[in-house]
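Asker: Top to bottom, those sequences are chains C and D. By my numbering, the letter at position 252 of the first sequence is numbered 252, and the numbering carries on one by one without gaps. By my numbering, the letter at position 19 of the second sequence is numbered 19, and the numbering carries on one by one without gaps.
Watch out, some of these pointers could steer you wrong.
To be verified - Straight-line C-alpha distance at most 30 angstroms; calculated DSSO-like pairs for lysine-lysine:
#1 K53(D) - K63(D)
#2 K280(C) - K53(D)
#3 K53(D) - K33(C)
#4 K115(C) - K23(D)
#5 K23(D) - K33(C)
#6 K27(D) - K33(C)
#7 K53(D) - K35(C)
#8 K33(C) - K63(D)
#9 K46(D) - K19(C)
#10 K23(D) - K19(C)
#11 K33(C) - K115(C)
#12 K23(D) - K280(C)
Simulated from the structure, these hints should not be mistaken for laboratory data.
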Amino acid sequence: MHETGGGESTLEIINPISKTSTAVFEACGNIWKSKGLIRNFVSRDISQRYRNSIIGYFWTVLEPLLLSAVYYFLFTIISGNPEERYPLWIILGVVTWQFFSRGLNESVNCLTGNKNMIRQIFFPREIFAVSKVFSQLIITTMSLFVAIPFLLYLDIHLTLQIVYIPIALLLVTLQVLGVGWLFAVPNVHHGDIAHLTRFITRAGFFVSPVMWTIGMAKGGREALLEYIFINPMVLPLELMRAGFDGSELAIPMWAIIWSVAFSFFIVAIGLTVFKRTEAKVVKRL
Amino acid sequence: MSEYTIKIEHITLSFPRHRIGLKSVYKWFHRRIGNDLVTPPFVALKDVSAVAKKGEVLGIIGKNGSGKSTLLRVMSGIYQPDQGRALAAGPVHLLSNVRIGFNGNLSGRENV
Numbered sequence: 001m002h003e004t005g006g007g008e009s010t011l012e013i014i015n016p017i018s019k020t021s022t023a024v025f026e027a028c029g030n031i032w033k034s035k036g037l038i039r040n041f042v043s044r045d046i047s048q049r050y051r052n053s054i055i056g057y058f059w060t061v062l063e064p065l066l067l068s069a070v071y072y073f074l075f076t077i078i079s080g081n082p083e084e085r086y087p088l089w090i091i092l093g094v095v096t097w098q099f100f101s102r103g104l105n106e107s108v109n110c111l112t113g114n115k116n117m118i119r120q121i122f123f124p125r126e127i128f129a130v131s132k133v134f135s136q137l138i139i140t141t142m143s144l145f146v147a148i149p150f151l152l153y154l155d156i157h158l159t160l161q162i163v164y165i166p167i168a169l170l171l172v173t174l175q176v177l178g179v180g181w182l183f184a185v186p187n188v189h190h191g192d193i194a195h196l197t198r199f200i201t202r203a204g205f206f207v208s209p210v211m212w213t214i215g216m217a218k219g220g221r222e223a224l225l226e227y228i229f230i231n232p233m234v235l236p237l238e239l240m241r242a243g244f245d246g247s248e249l250a251i252p253m254w255a256i257i258w259s260v261a262f263s264f265f266i267v268a269i270g271l272t273v274f275k276r277t278e279a280k281v282v283k284r285l
Numbered sequence: 001m002s003e004y005t006i007k008i009e010h011i012t013l014s015f016p017r018h019r020i021g022l023k024s025v026y027k028w029f030h031r032r033i034g035n036d037l038v039t040p041p042f043v044a045l046k047d048v049s050a051v052a053k054k055g056e057v058l059g060i061i062g063k064n065g066s067g068k069s070t071l072l073r074v075m076s077g078i079y080q081p082d083q084g085r086a087l088a089a090g091p092v093h094l095l096s097n098v099r100i101g102f103n104g105n106l107s108g109r110e111n112v
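Same shape as in the complex, but just chain C (with noise of 0.2 angstroms):
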């Protein structure tokens, strides 16, 4: 990349796209130079989240509450008694689900919702969707408060499983930033990546264990499940549940590896994609 002008100076490729073997460590490397930019980019998400709300922050955890009322309460219609830790586990559940949700769909916008500022000045472009995925962790990590007053009622005392809860957040953090970066610049040449996702999400939400958990699926469905633990979203939804209620983690040492797996390789290929592709896409947004 260097070359020398002028008899005497070393100049450099402006922005160049990154190698393929590198680009993981440079978008790494930029993410770190740019942790005061996130910080402010966050910050700014969150306060305009809030906004002109009479009770503000306290959505964060009124939200997940109600929507878990109306689901327990349709899950009460359809399946007779429930059990009596239900409700904690849809909370829970529907708790990182939403951050899965929303995180996936925000960071897969990441381009075209910051295309006027994209357009005007150049910095690692790969911390959009990094903002965006650490405001809904914020919102997330208050949104658990919610459990607190279901452990005192159920007479629930936590354990050092509580460890699980960080493991879980930073497992749907990875798979939702890989996911993110991977199709963020396939969505600015084609619009239907978001439409996509945003069924994805929506579909997800009724095949993995969030409305419902592994414990409830056995019986008889054990082939089923099989299938379910394909699924790399099953461990972090278990993982906050166990880590909560101190329960026993039902799930195969495959499935766990798998999903662990998978976190982390998503993040390696989204990211070396994000940065081979991302400046030749500017022009199209």
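Starting from the known structure of chain C, arrange chain D on it as the hints suggest.
Answerer: Leaving out everything else, chain D in the frame of chain C:
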């Protein structure tokens, strides 16, 4: 001898005039049967070269729509040229619009 701070060599940049959609499938089909309906891209910059030396002030003059801002955007790394290359002796920052990044829904203080 003078040191170069920015050097652009044979920059060509074009913008697609069409969006990818069902219409592009229709045009692709016509191309297959010999009717080329594809709108040629808009060439914003064609074989542009320039050099700015250390301590030198370089002015770019041109009519509306002649590609001055586009050239500055290539020089700051926003657009990747289709041909040619842009080189610099350090980071280049473009200040083309003071309203960049401001959110109209937030107050002045919140925007900062």
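Asker: Each hint should be assessed against the structure and marked as holding or not.
Answerer: Now for the hints, and whether the structure bears them out:
no.: 1; hint: K53(D) - K63(D); verdict: holds, 25 angstroms
no.: 2; hint: K280(C) - K53(D); verdict: holds, 28 angstroms
no.: 3; hint: K53(D) - K33(C); verdict: holds, 29 angstroms
no.: 4; hint: K115(C) - K23(D); verdict: holds, 24 angstroms
no.: 5; hint: K23(D) - K33(C); verdict: violated, 42 angstroms
no.: 6; hint: K27(D) - K33(C); verdict: violated, 45 angstroms
no.: 7; hint: K53(D) - K35(C); verdict: violated, 33 angstroms
no.: 8; hint: K33(C) - K63(D); verdict: violated, 39 angstroms
no.: 9; hint: K46(D) - K19(C); verdict: holds, 27 angstroms
no.: 10; hint: K23(D) - K19(C); verdict: violated, 34 angstroms
no.: 11; hint: K33(C) - K115(C); verdict: holds, 22 angstroms
no.: 12; hint: K23(D) - K280(C); verdict: holds, 22 angstroms
Of the numbered hints stated above, those contradicted by the structure are hints 5, 6, 7, 8, 10, listed in ascending order.
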